[in-house]
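Residue numbers (the working numbering), protein chains in the order written: chain Y, -3 to 551; chain L, 13 to 190.
Treat the hints with care, as some may be off.
[Claimed, not checked] Listed next, the stretches of chain L that the computed footprint assigns to chain Y, with coverage defined by at least 3 CB atoms under 8 Å from CB atoms of chain Y:
1. 31 to 40
2. 124 to 138
[As the list claims (entries may be wrong)] With a Cα cut of at most 30 Å, we get these calculated DSBU-like pairs of lysine-lysine:
3. Lys331/Y - Lys108/L
4. Lys453/Y - Lys162/Y
5. Lys108/L - Lys453/Y
6. Lys22/L - Lys549/Y
7. Lys121/Y - Lys549/Y
Bear in mind the hints are in silico, worked out from the structure with no lab data behind them.
Ideal Cβ positions, reconstructed from N, Cα and C, are used throughout, including at glycine.
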Amino acid sequence: MSATIVADPRGFTLPDDQRALIRWFVYIGFGAMGVAVVHGFAQALNYAGVNILTWFPGLQDYYQGLTIHGVFNAIVLTFAFTNGFLGLCTARGLGRELHGGMLHASFWTFLAGLGLASWSMFSGKASVLYTFYPPLQGHWTYYLGLALLVVSTWIMSVNLFWMLAKWREENPGERIPLLAFISVATYAMWDLASLGIAISVVGFLLPWSIGWLAGSDPLFARVLFWYSGHAIVYFWLLPAYVSWYAFVPRHAGGKLFSDPLTRVVFLLFLALSIPTGFHHQFADPGIPEGMKFGHAILTFGVFYPSLITAFSVVAALEIGGRARGGTGLLGWFFKLPWGNPALAAQVLAMLTFVLGGITGLINASFTINEVVHNTAWIPGHFHMTVGTAVALTFMGVAYWLVPWLKDRELWGRKIAVAQSWVYFVGVLIFARGMISGGLDGMPRRTFMYGAPYAEGKWELAGLLTGIGGTLMFVSVLMFGLVMLMTIFFGERREERPDLPFAETSIGPATSGWETNLDRFKLWVIVTVVLILIAYGPFLLTYIPPELNSPGFKLF
Amino acid sequence: MALKIHSYEKAFLIVSAAMLVIFLGALGYAAIGMGIHLPSRADEIPPGEVMSTPPFDNPGVREVEPGQWEAVVIGRAWAFVPAEIRVPVGVPITFKVTSTDVVHGFYIENTRVNLMLLPGQVSEITYTFKEPGDHLLLCHEYCGVGHHAMYGRVIAEETPAAPATGETETADAGEMSR
Chain Y
-3 MSATIVADPR GFTLPDDQRA LIRWFVYIGF GAMGVAVVHG FAQALNYAGV NILTWFPGLQ
57 DYYQGLTIHG VFNAIVLTFA FTNGFLGLCT ARGLGRELHG GMLHASFWTF LAGLGLASWS
117 MFSGKASVLY TFYPPLQGHW TYYLGLALLV VSTWIMSVNL FWMLAKWREE NPGERIPLLA
177 FISVATYAMW DLASLGIAIS VVGFLLPWSI GWLAGSDPLF ARVLFWYSGH AIVYFWLLPA
237 YVSWYAFVPR HAGGKLFSDP LTRVVFLLFL ALSIPTGFHH QFADPGIPEG MKFGHAILTF
297 GVFYPSLITA FSVVAALEIG GRARGGTGLL GWFFKLPWGN PALAAQVLAM LTFVLGGITG
357 LINASFTINE VVHNTAWIPG HFHMTVGTAV ALTFMGVAYW LVPWLKDREL WGRKIAVAQS
417 WVYFVGVLIF ARGMISGGLD GMPRRTFMYG APYAEGKWEL AGLLTGIGGT LMFVSVLMFG
477 LVMLMTIFFG ERREERPDLP FAETSIGPAT SGWETNLDRF KLWVIVTVVL ILIAYGPFLL
537 TYIPPELNSP GFKLF
Chain L
13 MALKIHSYEK AFLIVSAAML VIFLGALGYA AIGMGIHLPS RADEIPPGEV MSTPPFDNPG
73 VREVEPGQWE AVVIGRAWAF VPAEIRVPVG VPITFKVTST DVVHGFYIEN TRVNLMLLPG
133 QVSEITYTFK EPGDHLLLCH EYCGVGHHAM YGRVIAEETP AAPATGETET ADAGEMSR
C-alpha cells in the first residue's frame, strides 16, 4: 500500500441495506435537529422579551421544551450522525463492509432509545434537562431511553473494532488507513468516556426512578456525569475534525497537511478528553480545590491538539487557495471555492470555532470560571462549539453526504451557500448577546420572560440573542428545504463517485517509531492511567456514595 | 523520533505550548499568590437533617468571632432563606450554603460568589465586599418549574445592619409566585 494513502485504494461497495441504515441515521439526526431548533427559536425570542411558547400545542412549560432542545441536539443529532458518518468513514477507510447484524442492532437500539426518551419528554414526565442532575427525578423511560442511545454507539464501536481486526488479519504489518484510524480513535475515546454516564444511569438513576433505590447522591452523580460530560464534547467534535482533516482539504483543492500529526492529534484527544471533568465542577462543593486544579491543567492540555488542528487545517486550506491562484498573506483565503456549500459551511464553522475555543479556555480558567459559571455566557460559548463548529460542519458534510447516500445531485446549491452564511452571522450575533449578558449576570437555563428580577435588565443582550437565534432558525429551515428537495427531487446520478477524502502532503512512515501510533491498545492503557490519576484520589476519599437524597418531580 | 514536522508548524506548536503554560502559571498565581479560592470539600449534612443541624437551624448573617463573619443561607425550591442578606463591607464574609431538596445555584451578581448547591454538601466561599451596594442573588441552575422565580438580594452596607452574635434574620420570602 502506498505511503500517502488515506483509504484502501481498492475502493469498496457497500450493500444497499447498509447504505440505507447509514442514510437513516443521518436523516434521524437532522430530523431531531429540526424539532429541537423550533424550541430553540422560542428560547432565543424569550431572551428578547417575546413569548411564543403559548403557540406550542401541548407544551407544559419552557423547561420541557428546553429538555427536548438539549437532548435532540446534543445527544440525538450527534449520536445518530456520528454513527452513520464514522461507520461509513471506517468502512471506506478499510475498504470493507460493516458487520450487517451489528449495524442493524445499533440502528434499532437507537430507535428504541429515541422512542422511550421522546415519550417521556413529550409527555412532560422528564423535564429534567439533558444534564438530568438528581435529585430532580424524571420518569424511568427517560433514563432507559438515554441508556439505549449510548448502547447504540457502543454497538457501533464494536462494529468498527471488528472491521479493524479483520482488516489487520488480512493486511499484517500495514499502517491503518488514516480515515479509519481517526474514526476508530473517536469511538475508542467515547467508549471509555461514556462509562461514567452509564454507571450513573444504569447503576443509580434508573433503579432510583423505578423505586428500587430510595435516594441518590447528587455530588457523586455530577462527578459521574461530568466524567463523561466533558469528553462527550469531543465525541461531538471529533467527527467534525474527521471531516476537517480528511474531507475539507479536498473540497478546497488542497491536501491534508500531515498524516502523522493527524494521528497524534486524535491520540491526544483519546488520552486527554476524559480526565478533565472537574472543570465543569469548579463551583461545586465536595471536591477538594487541588483536585480541581489538576483537572484544570489537563484541560489546558486537551486544548493543545485543537491548536495543532488550527494550524493543520488552515495549512490545508492555504494549499488549496494557493493552488487556485490565491497570493499574498491572506489572498488565498478569498480564492477558496466559496460556491461549494460543503466548503463554505465548514470553513465558517471553523472560524466560529476560534471564538468557541477561546471562550472555552476562559471557562476552564479556574478562578475566572467563577465570573461566568452558569451564566448565559456558557450557552453563548457552546453554541459556537457544538452549536456551530459541530452542527454547521455536519450540515456542510450533509451537502455531499446526502447526495452520495441517495444517488442524487444536491438541489439548491446557492440556497445552501446562503444558509451557511445566515447561520454564521446568526450565531455571532446570538453569542454576542449571550456572552455579554452572561458577563453582566444573566443566568442560563432560565425562563427570562417569566423571571421577576429580569425587568429592565439585559435588554441589549436579550435583543441580540433573539435576533441571532432567529437567523439561526431561518438558516436551519433553509437547510431543511435543501435536504428535502435533494432527497425527493434531486437530479438522479448515474454513477456513484468515491467519497471526497483528501490525499496527504506528508504521508505515514511504514517503519520506525511512528508505527507505534497505530497501537491502539497501548494508547488506551495510557488513557486509563491518566483517568486513574485524575479521578482516583476523589474516588478513594469519597466512595461509597451516600444515597440519601430522595427524588423530586418539580415539573 | 522521525516525526516529520514543517518548520512553521514547529514554531506554532512551541508558541502554543508556551502560551498555555503561561496561562496556567497566571491561574496558579491567582489561586496561591493572591489567595482567590474556589469552593472545596467542606461539611456534609444529609438533606433531611439540614434544618436541625447547626448552623443551618439558624440561617442569617453573624459575627462568629471578632472580625469573622459568616452568612448562612439555605436554598430550596424556590427561595433563598433568608431572601435578603445584609452584610458589612470591608470584612471577609464566609458564605455557608446548602440545599434541602434539589440542585440549586447561588450567584451574587457582579461578584465571584458563584456556587452550586447540592443536597448533602455544604458550599463555602469567602468574599469581601469592597463597596456598599445592592446585589441580585440568583439561582442559576434549573431546579423545577419555578426556577426563574428563585432569587434574593445581598445588600452590602457600611454599618452592619446584621446584629452581633446570636440574633439572626429568618425572613422567609415564602413560596414565590411564578
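Structure-based check of each hint:
Remark: the region 31 to 40 of chain L is confirmed as covered by chain Y, as 5 of its residues place a Cβ nearer than 8 Å to a Cβ of that chain, reaching the required three. Check result for the region 124 to 138 of chain L against chain Y: holds, 13 residues qualifying (beta carbon to beta carbon below 8 Å, three or more required). With a C-alpha separation of about 59 Å, the suggested pair Lys331/Y and Lys108/L falls outside the 30 Å cut-off, and the hint is violated. With a CA separation close to 61 Å, the supplied pair Lys453/Y and Lys162/Y exceeds the 30 Å bound.
Taking the CA atoms of Lys108/L and Lys453/Y, the gap is about 28 Å. The hint holds against a cut of 30 Å. Among the hinted pairs, Lys22/L with Lys549/Y is inconsistent with the structure: their alpha-carbon atoms are about 55 Å apart, more than 30 Å. With a C-alpha separation of about 9 Å, the suggested pair Lys121/Y and Lys549/Y falls inside the 30 Å cut-off, and the hint holds.
When held up to the earlier numbered hints, the structure conflicts with 3, 4 and 6 and fits the remainder.
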